[in-house]
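So the sequences go chain by chain: S and D.
Residues 0 to 576, numbered by numbering that gives the first Met the number 0, are exactly what the first sequence covers, in order.
Residues 0 to 272, numbered by numbering that gives the first Met the number 0, are exactly what the second sequence covers, in order.
Keep in mind that the hints were calculated from the coordinates and are not lab data.
Be a bit skeptical, because a hint or two may be false.
[Unchecked claim] List of simulated lysine to any residue pairs, SDA-like, C-alpha gap at most 20 Å: (1) K430(S) with H148(D); (2) K242(S) with E268(D); (3) K7(D) with D396(S); (4) K10(D) with I414(S); (5) K392(S) with T256(D); (6) K10(D) with Q434(S); (7) K10(D) with G419(S); (8) K14(D) with Q434(S); (9) K10(D) with D396(S); (10) K386(S) with S262(D); (11) K242(S) with Y219(D); (12) K242(S) with D43(D); (13) K5(D) with D396(S); (14) K4(D) with W78(S); (15) K14(D) with I438(S); (16) K162(S) with E269(D); (17) K129(D) with L427(S); (18) K10(D) with K242(S); (19) K32(S) with Y235(D); (20) K32(S) with D257(D); (21) K10(D) with V394(S); (22) K242(S) with Q41(D); (23) K242(S) with A261(D); (24) K430(S) with F36(D); (25) K129(D) with H148(D); (26) K498(S) with V548(S); (27) K392(S) with Q42(D); (28) K14(D) with V548(S); (29) K32(S) with E268(D); (30) K10(D) with Y399(S); (31) K7(D) with G419(S); (32) K430(S) with Q265(D).
[Claimed, not checked] From the derived model, a few chain D residues whose C-beta atoms are all more than 12 Å from chain S: (33) F155; (34) H221; (35) D226.
Every residue, glycine too, gets a C-beta built ideally from N, C-alpha and C.
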Amino acid sequence: MSVQNCTHSIAITGSGGSGAITVGNMLLQQAAKNGLYGIMRRSVGPQIRGGESAALLRLSAQPVACPDDRFDLLVAFDWNNADRFALEIPLDSKSLIITDPGSGSIPDVIRQSGATVIEIPLHSMASEISGGRINMVGLGLITSLLNLSAETAVDAITSTLVKKGKEAVEASVNCFFAGFNYQTDLKLSCPTLVVQQKTARWNISGNEAAALGALQGGVRFVAAYPITPASEVLEWLSPRLEKIGGTLLQAEDELASINMVVGASFGGVTSLTATSGPGLSLMSEGIGLAVASEIPLVVINVTRGGPSTGIPTKSEQSDLNIAIYGMHGDAPHLVVAPQSISDCVDTTRWAVQLAETLQTPAIVLSDQFLGQSRSITSVPESPGLPKTRVIAKAVTDSSYQRYAITDSGVSPMAIPGIAGCGYTADGLEHKASGQPSSIATDHHDQLDKRQHKLSSFDFGENWADSHGAGSVAIITWGSTTAAALEAAQRLQQMGQPVKVISIRLLAPAQVIKMENELAGITQLLVVEQSHSQQFYHYLRAHYTLPVNVSVYAKPGPLPITPGVICNALQQMVGEAS
Amino acid sequence: MTDLKKAKAYKSEVKPIWCPGCGDFSVLSALTKAFAFLELAQQDLAVISGIGCSSRIPAYLSSYGFHGIHGRALAIAAGLKLARPELTVVAAGGDGDGFSIGGNHFLHACRRNLDMTYIVMDNEVYGMTKGQASPTTHPDWTASKLTPHGTGVRPFQPAAIALASGASFIARAFSGDPNGMTKLIIDAIKHPGFSFIHALSPCPTFRPEQKQWKNQVQKYEHEPTDDPVIAATRLYSDDGMSTGLIFQSKYPAWHRTDVEQASITQFEEEFLV
Numbered sequence: 000m001s002v003q004n005c006t007h008s009i010a011i012t013g014s015g016g017s018g019a020i021t022v023g024n025m026l027l028q029q030a031a032k033n034g035l036y037g038i039m040r041r042s043v044g045p046q047i048r049g050g051e052s053a054a055l056l057r058l059s060a061q062p063v064a065c066p067d068d069r070f071d072l073l074v075a076f077d078w079n080n081a082d083r084f085a086l087e088i089p090l091d092s093k094s095l096i097i098t099d100p101g102s103g104s105i106p107d108v109i110r111q112s113g114a115t116v117i118e119i120p121l122h123s124m125a126s127e128i129s130g131g132r133i134n135m136v137g138l139g140l141i142t143s144l145l146n147l148s149a150e151t152a153v154d155a156i157t158s159t160l161v162k163k164g165k166e167a168v169e170a171s172v173n174c175f176f177a178g179f180n181y182q183t184d185l186k187l188s189c190p191t192l193v194v195q196q197k198t199a200r201w202n203i204s205g206n207e208a209a210a211l212g213a214l215q216g217g218v219r220f221v222a223a224y225p226i227t228p229a230s231e232v233l234e235w236l237s238p239r240l241e242k243i244g245g246t247l248l249q250a251e252d253e254l255a256s257i258n259m260v261v262g263a264s265f266g267g268v269t270s271l272t273a274t275s276g277p278g279l280s281l282m283s284e285g286i287g288l289a290v291a292s293e294i295p296l297v298v299i300n301v302t303r304g305g306p307s308t309g310i311p312t313k314s315e316q317s318d319l320n321i322a323i324y325g326m327h328g329d330a331p332h333l334v335v336a337p338q339s340i341s342d343c344v345d346t347t348r349w350a351v352q353l354a355e356t357l358q359t360p361a362i363v364l365s366d367q368f369l370g371q372s373r374s375i376t377s378v379p380e381s382p383g384l385p386k387t388r389v390i391a392k393a394v395t396d397s398s399y400q401r402y403a404i405t406d407s408g409v410s411p412m413a414i415p416g417i418a419g420c421g422y423t424a425d426g427l428e429h430k431a432s433g434q435p436s437s438i439a440t441d442h443h444d445q446l447d448k449r450q451h452k453l454s455s456f457d458f459g460e461n462w463a464d465s466h467g468a469g470s471v472a473i474i475t476w477g478s479t480t481a482a483a484l485e486a487a488q489r490l491q492q493m494g495q496p497v498k499v500i501s502i503r504l505l506a507p508a509q510v511i512k513m514e515n516e517l518a519g520i521t522q523l524l525v526v527e528q529s530h531s532q533q534f535y536h537y538l539r540a541h542y543t544l545p546v547n548v549s550v551y552a553k554p555g556p557l558p559i560t561p562g563v564i565c566n567a568l569q570q571m572v573g574e575a576s
Numbered sequence: 000m001t002d003l004k005k006a007k008a009y010k011s012e013v014k015p016i017w018c019p020g021c022g023d024f025s026v027l028s029a030l031t032k033a034f035a036f037l038e039l040a041q042q043d044l045a046v047i048s049g050i051g052c053s054s055r056i057p058a059y060l061s062s063y064g065f066h067g068i069h070g071r072a073l074a075i076a077a078g079l080k081l082a083r084p085e086l087t088v089v090a091a092g093g094d095g096d097g098f099s100i101g102g103n104h105f106l107h108a109c110r111r112n113l114d115m116t117y118i119v120m121d122n123e124v125y126g127m128t129k130g131q132a133s134p135t136t137h138p139d140w141t142a143s144k145l146t147p148h149g150t151g152v153r154p155f156q157p158a159a160i161a162l163a164s165g166a167s168f169i170a171r172a173f174s175g176d177p178n179g180m181t182k183l184i185i186d187a188i189k190h191p192g193f194s195f196i197h198a199l200s201p202c203p204t205f206r207p208e209q210k211q212w213k214n215q216v217q218k219y220e221h222e223p224t225d226d227p228v229i230a231a232t233r234l235y236s237d238d239g240m241s242t243g244l245i246f247q248s249k250y251p252a253w254h255r256t257d258v259e260q261a262s263i264t265q266f267e268e269e270f271l272v
């Protein structure tokens, strides 16, 4: 790997409350100030305090969006619960481990990696400083190893700890310098990441990004129930919605939140809720109501390991089936998936606009990796004005028909306040007027209408992103896109051209566009993070695939990394030749 | 008390599916009279319901309406009221819809105290599914094939539960007394908070014995109280057939907080490195 492509993967671990995540956040801030890009995942246990906690960073001089296959550096503040995260931090003989000799013996599962272990008396260095904390000593060591400036570290410490008072900042800064000035002959494979040009960048998590996209799209009402790993969407929105004249309500459950959103949108206000798998299950009936009554709304689903309560703090792509097929009856609706943290802004905004335009619910399929990771990312382009729904005009006769059959399938929507258009929105099948009907022709007409408005709509170029060319392709969606792209880049460098297709619009299926994308592809590798190959089966159901299809499907909680995709692709190509 | 012609304007042309003699006809009529009395513009009025015989009521009105899904009338109504505080929002439905499948929303709507009205037409039976026991059915009612020995379960006490959950206006009405009901609906809509009307509304088809209710109901002799302890004592000592306004308090209704205004561009700048 050339120096240009060099990235640093750093794991900082400790018991919950040890400050590992704080160090990670500060390091990310510092890296950003130094002109770098980066991504930081959090690996935490279900315990509120005292469980395992790890900040898993990857820093680079170029944009970086997925974890690497291995870690260069592990800084372990203690070895408690090491068995729980060991699999998430792959180490090898080129890796370094920094630990305190007083933290006890290194667990076998870590030692067996063959990584170089350096014992540094972190605890005693911290205890020499009044109010000192070990995590700040660690930050100093890492800063020095990465050749990052001490000044940016001090900035990060100060801005993070300013609320804790001057003494806390001083103690932390002193600890930082104890670590920073500690003399070692340690070296990372490329100690300095070379920044070509400093550009404007954001430090943002996927959940924040999705929330911002929602506001940009025009969302002004949110009702939701707290759930891991989606709550940050709501926590970010709550104070900000207030400041732009919107409302966020914490509902009694997800049944309430989805139906509140239905009610608010019926009232003409662009509305959204955010949840994760268990909440999405509860919302299914309400989403179906929105389909039948043609109420626009958006559900952000930040997928976690399932089924049932599953693994709330870890990522998976296993809610694909429920998002697409979860409603009873024939219930056409929209399902879109962001492909990176910054794409959470654009894709959520797009979902809001599609829902409003097509008067139907849209599900945004994010996941824990995208939602809870923070990224230093290029500033997204400024969005245009939000699109709005087609609203009915006041009438003085009884001519208004809420569910009138139109060419586009979309009919002007009356909202309370518009005179002469009073109608009853209904989950019962209905006539064009909205009046309940079980007559066959009415059912067929309305089913056709709701299907047609989606199938005849031109979704443009956003339906998928396609990179590269050739007869060999990877097809994926959502958060595994970044690893697929990096895999393709590595394969290209090894002389194997690979095209990557990542689907953003999962429903409705875009059959003709996909046919064009797959033209000339003879070997296709499907990459997804689910156990039952949900994406592969989805592709089989809707699209004509090449004869040679291989599937790389792995459930969470471990991320899918570029290296394993490279291997899977090389194996596929090898078997075919 | 109300111009009947004006009241009729609030009715739509849709013919109710209800059986002859259903108490819900009187509730529909009382609603339209109350709307007419209050001179509410149809376009600024929304009636929201769930599923069941009585939940068909929005379609029979000329206002805006939402016939949603089973048990969720209050959630839809709450979303609408929060999004459009200037509208008059009335939720309506039956005892199964409101107290069984929608029970949790009932508790939280009471304590949230949004400025809206909830009318539950209680006939102690699931009519639309052809006669099963509801939460308010007495334990020894054996006419349902589903519970041939009766439910054996103590009935749900709507007014007492509303009181315990923090509702700020609690009344009981009877469909056989449409004028009394109209007046209560007027007061409920005027009340600045969550107003709950427990409307006894007999089912002549599955509960023909309820025809006797007209001989059993009586008006509360007391004046309404704002003391929950007194209200609780009254509710626990009557037989559930007393009508009138039971409890009205000045619990603050939910309202939007005024905060310093900002723009989305300012939020975006928070992320800049």
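Notebook entry, point to check: Which of the numbered hints above does this structure break?
Noted result: 1, 5, 11, 12, 14, 18, 19, 20, 22, 24, 28, 32
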